[in-house]
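Peer 1: Construct the entire structure; sequences and hints are all you get.
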Amino acid sequence: MRLFAADALTPRGWQRDVVIDVALDGTIERVEAGGEPEGAERVPGPLVPGMPNLHSHAFQRAIAGRTGRASADGDSFWTWRQAMYAFLDRIDADAFEAIAAQAYLEMLKAGYTAVAEFHYVHHDPQGKAYADPAELARRIATAAGSTGIGLTLLPVFYAHSDFGGAPPTPGQRRFVHSVDTYANLVATLARDAAPANWILGVAPHSLRAATPDELSAIAALLPQTSPIHIHAAEQAREVAACVAWSGERPVEWLLDHAHVDSRWCVVHATHMTEDETQRLAASGAVAGLAPTTEADLGDGTFAALAYLDAHGTFGVGSDSNTCIDPFAELRQLEWSQRIAWQARNVLASGDAPVGQALYAAAARGGAQAQGRRAGAIASGRRADLVVLDADDPALADHTAQTILDAAVFGPCRAPVRDVMVGGTWVVRDGYHRDEEAIFARYRACLAAR
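In case it helps, the working numbering puts the sequence shown at residues 939 to 1387.
Derived by calculation from the structure, the hints in this document are not laboratory data. Keep in mind it's a predicted model, so treat the numbers as computed, not measured. Positions of the beta carbon are idealized from the N, C-alpha and C atoms, including for glycine. The hints are all genuine.
Cβ pair distances, simulated, as ranges:
hint, residue 1, residue 2, range
1, Arg1311, His1249, 19 to 27 Å
2, Asp1335, Gly1102, 58 to 66 Å
3, Arg968, Tyr1023, 48 to 56 Å
4, Arg980, Thr1126, 38 to 46 Å
5, His1249, Thr1340, 19 to 27 Å
6, Ala961, Pro1133, 16 to 24 Å
7, Ala1248, Glu970, 31 to 39 Å
8, Arg1129, Gly1288, 43 to 51 Å
9, Gly951, Ser1200, 19 to 27 Å
Peer 2: Quick look at the structure:
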């Protein structure tokens, strides 16, 4: 396949008249600027790399808008978590797959081309293992396959309710594994991954949910090229509890004890000291940010300016799927810094406008976190591509130099026109071929519960 884009965002910035050759395996073979359109499919708008979604809990898509009532004692992440546990009591395997498919469809239409699914619901509503212990993980893989989104599956190890190996609570019964049962799950999924063309990683949920010995055992289950994701320092209460347990803060403890390097994604990392910020940036790990979820839950603001000044790598994810829009994640990230610093264009970098700089950096970092050769329009990368819709009123009359900033910061409703995943068009003119059927299943599953 040969594509021709009048404007394409490459690692060299925006280039004109770009010819892209895509191999049969969905990999970009060649990128040439100043080329000719003969024999190529012309893409109908500016071309950018697809955005990897580095952190998703797909089932939470169905909770959006259902947790807005205030509680007598005040609301926080912790009260939201109880509402999430209660919702899970009503979700069986069929509903789990239907919700995931709807979430993945919406991700594709928004410009996410691959998702890292932080998958921690393993058992039935009573907390019993399914006859196939990988039942719900396979439902995730089926949902991804049916929509066409790329998948990095991260089965989550969850054994405890708090630091120091506290026993799990009844609300966590669907999550819990021992090291042995989790190892069996990972081994089963490893046999599925390559034939199905998805990537497998591991995810100790957090230092609350895994002891140091368990964390070491989990990290050793897959080859050293496989991704490792973990929640850390999402809430101030979590940080205080970690200090009480270990004398160290969560990110500090990980950096001191867990051999954190470029295969790691430390999700949220919201509450860090200056030293932690500098050290995490230097480790080569990815800071996995979910700015709209962090805002929705009242978690706090990531130290983005200091982290990027230290050349830290980051990506964005939809997390609770209250908002499924990579442009909104980047907007919220920059706006959070503007509020904190009372300044504009805080995260601008080099000569590029702030929206373009953030988009390109998040695409690269998200691909690293997913263990995927993607995130850029370059030879050897996966052909995960997004065509922006220049007919959207917010993007009209913008040149390539400002169109991503218009998509991130303008009054844009649907900046994405076409989406390619691994060399296959899955969204055309804003439409996915199966969206009506996927939505019908999603609506039916909610109506039955």
